[in-house]
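*Asks:* Chains as they are written, first to last, in our numbering: chain S, 1 to 219; chain V, 1 to 219; chain U, 1 to 219; chain G, 1 to 219.
Think of the hints as simulated: they come from the structure by calculation, not from any bench.
Treat the hints with care, as some may be off.
Which copy? The list can't say, so a pair holds if one copy fits it or any two copies do.
[As the list claims (entries may be wrong)] With a Cα cut of at most 25 angstroms, we get these calculated BS3-like pairs of lysine-lysine:
1) K64 to K50
2) K50 to K23
3) K138 to K38
4) K19 to K66
Number of protein chains: 4
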Amino acid sequence: MNDEQWLQELLKINDEEVKLSDKQAKILEAAIEMFAEKGYAATSTSEIAKRAGVAEGTIFRHYKTKKELLMAIVTPTIMKIAAPFLAKEFVKEVFESQYSSYEDFIRALMNNRYEFVKKYLPMIRIFWQETAFHSDIKEQIQTVFMENIYGKFKRVIDHFQQKGELADLPANTIIRMTITTIVGFLLTRFILLPNLQWDDEQEMERTIQMLMHGLKKEG
Amino acid sequence: MNDEQWLQELLKINDEEVKLSDKQAKILEAAIEMFAEKGYAATSTSEIAKRAGVAEGTIFRHYKTKKELLMAIVTPTIMKIAAPFLAKEFVKEVFESQYSSYEDFIRALMNNRYEFVKKYLPMIRIFWQETAFHSDIKEQIQTVFMENIYGKFKRVIDHFQQKGELADLPANTIIRMTITTIVGFLLTRFILLPNLQWDDEQEMERTIQMLMHGLKKEG
Amino acid sequence: MNDEQWLQELLKINDEEVKLSDKQAKILEAAIEMFAEKGYAATSTSEIAKRAGVAEGTIFRHYKTKKELLMAIVTPTIMKIAAPFLAKEFVKEVFESQYSSYEDFIRALMNNRYEFVKKYLPMIRIFWQETAFHSDIKEQIQTVFMENIYGKFKRVIDHFQQKGELADLPANTIIRMTITTIVGFLLTRFILLPNLQWDDEQEMERTIQMLMHGLKKEG
Amino acid sequence: MNDEQWLQELLKINDEEVKLSDKQAKILEAAIEMFAEKGYAATSTSEIAKRAGVAEGTIFRHYKTKKELLMAIVTPTIMKIAAPFLAKEFVKEVFESQYSSYEDFIRALMNNRYEFVKKYLPMIRIFWQETAFHSDIKEQIQTVFMENIYGKFKRVIDHFQQKGELADLPANTIIRMTITTIVGFLLTRFILLPNLQWDDEQEMERTIQMLMHGLKKEG
DNA sequence: CATGAATGAGGGTTCATTCAT
DNA sequence: GATGAATGAACCCTCATTCAT
Numbered sequence: 001m002n003d004e005q006w007l008q009e010l011l012k013i014n015d016e017e018v019k020l021s022d023k024q025a026k027i028l029e030a031a032i033e034m035f036a037e038k039g040y041a042a043t044s045t046s047e048i049a050k051r052a053g054v055a056e057g058t059i060f061r062h063y064k065t066k067k068e069l070l071m072a073i074v075t076p077t078i079m080k081i082a083a084p085f086l087a088k089e090f091v092k093e094v095f096e097s098q099y100s101s102y103e104d105f106i107r108a109l110m111n112n113r114y115e116f117v118k119k120y121l122p123m124i125r126i127f128w129q130e131t132a133f134h135s136d137i138k139e140q141i142q143t144v145f146m147e148n149i150y151g152k153f154k155r156v157i158d159h160f161q162q163k164g165e166l167a168d169l170p171a172n173t174i175i176r177m178t179i180t181t182i183v184g185f186l187l188t189r190f191i192l193l194p195n196l197q198w199d200d201e202q203e204m205e206r207t208i209q210m211l212m213h214g215l216k217k218e219g
Numbered sequence: 001m002n003d004e005q006w007l008q009e010l011l012k013i014n015d016e017e018v019k020l021s022d023k024q025a026k027i028l029e030a031a032i033e034m035f036a037e038k039g040y041a042a043t044s045t046s047e048i049a050k051r052a053g054v055a056e057g058t059i060f061r062h063y064k065t066k067k068e069l070l071m072a073i074v075t076p077t078i079m080k081i082a083a084p085f086l087a088k089e090f091v092k093e094v095f096e097s098q099y100s101s102y103e104d105f106i107r108a109l110m111n112n113r114y115e116f117v118k119k120y121l122p123m124i125r126i127f128w129q130e131t132a133f134h135s136d137i138k139e140q141i142q143t144v145f146m147e148n149i150y151g152k153f154k155r156v157i158d159h160f161q162q163k164g165e166l167a168d169l170p171a172n173t174i175i176r177m178t179i180t181t182i183v184g185f186l187l188t189r190f191i192l193l194p195n196l197q198w199d200d201e202q203e204m205e206r207t208i209q210m211l212m213h214g215l216k217k218e219g
Numbered sequence: 001m002n003d004e005q006w007l008q009e010l011l012k013i014n015d016e017e018v019k020l021s022d023k024q025a026k027i028l029e030a031a032i033e034m035f036a037e038k039g040y041a042a043t044s045t046s047e048i049a050k051r052a053g054v055a056e057g058t059i060f061r062h063y064k065t066k067k068e069l070l071m072a073i074v075t076p077t078i079m080k081i082a083a084p085f086l087a088k089e090f091v092k093e094v095f096e097s098q099y100s101s102y103e104d105f106i107r108a109l110m111n112n113r114y115e116f117v118k119k120y121l122p123m124i125r126i127f128w129q130e131t132a133f134h135s136d137i138k139e140q141i142q143t144v145f146m147e148n149i150y151g152k153f154k155r156v157i158d159h160f161q162q163k164g165e166l167a168d169l170p171a172n173t174i175i176r177m178t179i180t181t182i183v184g185f186l187l188t189r190f191i192l193l194p195n196l197q198w199d200d201e202q203e204m205e206r207t208i209q210m211l212m213h214g215l216k217k218e219g
Numbered sequence: 001m002n003d004e005q006w007l008q009e010l011l012k013i014n015d016e017e018v019k020l021s022d023k024q025a026k027i028l029e030a031a032i033e034m035f036a037e038k039g040y041a042a043t044s045t046s047e048i049a050k051r052a053g054v055a056e057g058t059i060f061r062h063y064k065t066k067k068e069l070l071m072a073i074v075t076p077t078i079m080k081i082a083a084p085f086l087a088k089e090f091v092k093e094v095f096e097s098q099y100s101s102y103e104d105f106i107r108a109l110m111n112n113r114y115e116f117v118k119k120y121l122p123m124i125r126i127f128w129q130e131t132a133f134h135s136d137i138k139e140q141i142q143t144v145f146m147e148n149i150y151g152k153f154k155r156v157i158d159h160f161q162q163k164g165e166l167a168d169l170p171a172n173t174i175i176r177m178t179i180t181t182i183v184g185f186l187l188t189r190f191i192l193l194p195n196l197q198w199d200d201e202q203e204m205e206r207t208i209q210m211l212m213h214g215l216k217k218e219g
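Using the sequences plus the hints, can you model the full thing?
*Replies:* Right, dumping it as structure tokens:
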């Protein structure tokens, strides 16, 4: 039961509760684990069935193909990855009250995504590994980025540029650098070199400082 | 003949000429193309043989297993990726004459790796795609990094910190940020969003500026 | 309701009304359609269930196996195919009043079976397709033929041979030729080349003439 | 070796020798036997492999799909079935010397096809069973019939009608009846009731007589 | 009586690898 | 050295059948 909660949370879209039968949840769990460990192509449906404690046919009763199983995992997660930008009030909140500076905004974003990656690491690993091979995943990510993130992100940057906080670089460049820096930290921290001794708070703060100094308007 | 030159160049280690028979070169070429396009797991040896114009058995005469074929491609390339740091005189050159500032060093490094990635894009793609699945590739990269890059990189940073050019952050942090920034740019430029309109020189200069402002010693 | 009437008619034996529940009728209808279209082996029970608007399990509540479902369709139909010979008074009717010649008899038989095939074409198609694969169907046909048709047919032929209408060929030969000719026409007309422009009345009359000239006693 | 001769003969087209490796011949033999016995759909490739004494993969090295294996058997055989009509000199031979009457022609045709069916019975069985399910087989048969048989057959009939030997029925009708009669005999003899006591020569002669009386021009 | 989730054996097909030629 | 036929394990997927609800 409890095991399924994180799954339910990860997979639900628009706050609609997802109905996951017991077996279905076990299949998804097993698939996420194995795809993350060995990659999609190298994971066989029979292994997933075995790990899920289910007959192989059961997988195909719920997901017509192995690919569909992958997409059932990946598609809702893309929304969750973009989550901070999805709230309707997002821009307003950034402008009006919540964040008094781009630095605050970045700090909140980083902390938030840090927790997310930490919690759903296997899912992130799946993206990291499979995006290159599945153009449909790539396209979904791009679509979500263009429709839900890019515009809002740009407005935030315009806002802080007008306030004189940010250098007069093109918004695209600032977006790219911001994302590269945050993603670069998170991937290094959790995927590439997870075994290093990390002082996460300090390293995140340093990363933010680096980014802010790099981007701030020259006096 | 000419086709093989870039291959020879890419694969040779320590200036030893690599002896590649005609068939062998064709196999490697075909394998690189297909691994980059479809990924290692999704490429069959029979496809490679067909594209190389060679019998299936011939591949296994030269490489005991499919994996060994992959490693024959990947292993020498790791050295090439690390190339700028491999020269014996590297540190001395950085200190004494060539680069009068960390910014110059970074600029040279970025330009150099930009050309490399551009030239050997399929190889980079293979790393991007396969590192996650093959722990031996990951280990080789880490070994080369630790043995050939880390120490020299650190000395460079110490040097410029002593000269007061760089902030008093831990070297590890500076290395991570520098690499993340450069790799982040190159991957975005060539792999993730190659179809955007890029003004490469300008974008690289901005990236360097961002990085330098982020890392420089505060007045 | 009305849909089921032909089914009821086709499946009832010895004038016993068949009790078909609504679902049962829909299952049979769906099965007949699909077996005729794609063949027994290539039709899955889940497809039948879907087309019948019924759960998969429901099929197996009424018919223990898929094969039993086939036989539930096929067995009563065999009787209907043999229908003209099943009436108790059959021989008497032929001799005494109804048919004054073998030609009349053949003509009546042909017209009758023409209408039957036209009406129950999917069923005929099932026989055409499945008889070869199911020896039990073949045996049932042979049994019905031997028990209900052969003897009566023979007596009809004896009768008209004695009247000097038919050549002195063995009855078996005449039966075979008569059936081959009629079945040959019907299969060509409805199964093999249904798309040709057929003038059915004329072609049947010609077929009968051919058969009669072929079989009549030489002056 | 000797086993393969009939196979080679059956499968060769235009007198080109077919190169059949040992394994390939065994696969074809096994497939023909099993398709004839149990039908295409009910025969598994693993069974074929077992009976052929070959690994299952070997089948797919020679035939990309199971269907292709079927067609490799069926396609050349269609030509063999049509063989009597394929000779270039066919019409001339019929007119000039060989056959002085339609009866002779039919007799020769029947004897010839009788031997063929007897020799290649499993192949005939495959046609009988599979034509209904594979529209491509049906189309191939129709094409061969229209391109190689129909026209020549029609000219033969025109010829003997002009000689006053045949009734003035439409050629199509005569063709249909002739084929129905011959095929009807052969199928009954070899497929439907092979276990009856058949006096083949006598029964064929009677069949021919029936057909000829049925078709001859009335005095 | 009806449902449909679950089963697991078996289906066709692919593939890295071997080896006789 | 080069070939390509042969292998057989493993792959994804389908299906008739069962059974708890």
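*Asks:* Give the relationship of K138 and K38 under a CA distance limit of 25 angstroms: within one copy only, between copies only, both, or neither.
*Replies:* both (20 angstroms within a copy, 14 angstroms between copies)
*Asks:* Within a copy, between copies, both or neither: which one fits K50 and K23 at a CA-CA cutoff of 25 angstroms?
*Replies:* Classified as both: same-chain Cα gap 12 angstroms, cross-chain 24 angstroms, threshold 25 angstroms.
*Asks:* With 25 angstroms as the alpha-carbon cut-off, assign the pair K64 and K50 to within, between, both or neither.
*Replies:* both (18 angstroms within a copy, 16 angstroms between copies)
*Asks:* Is it within, between, both or neither when you check K19 against K66 at 25 angstroms Cα-Cα?
*Replies:* Classified as within; 20 angstroms inside a copy, 33 angstroms across copies.
In this structure, none of the earlier numbered hints is contradicted; all agree with it.
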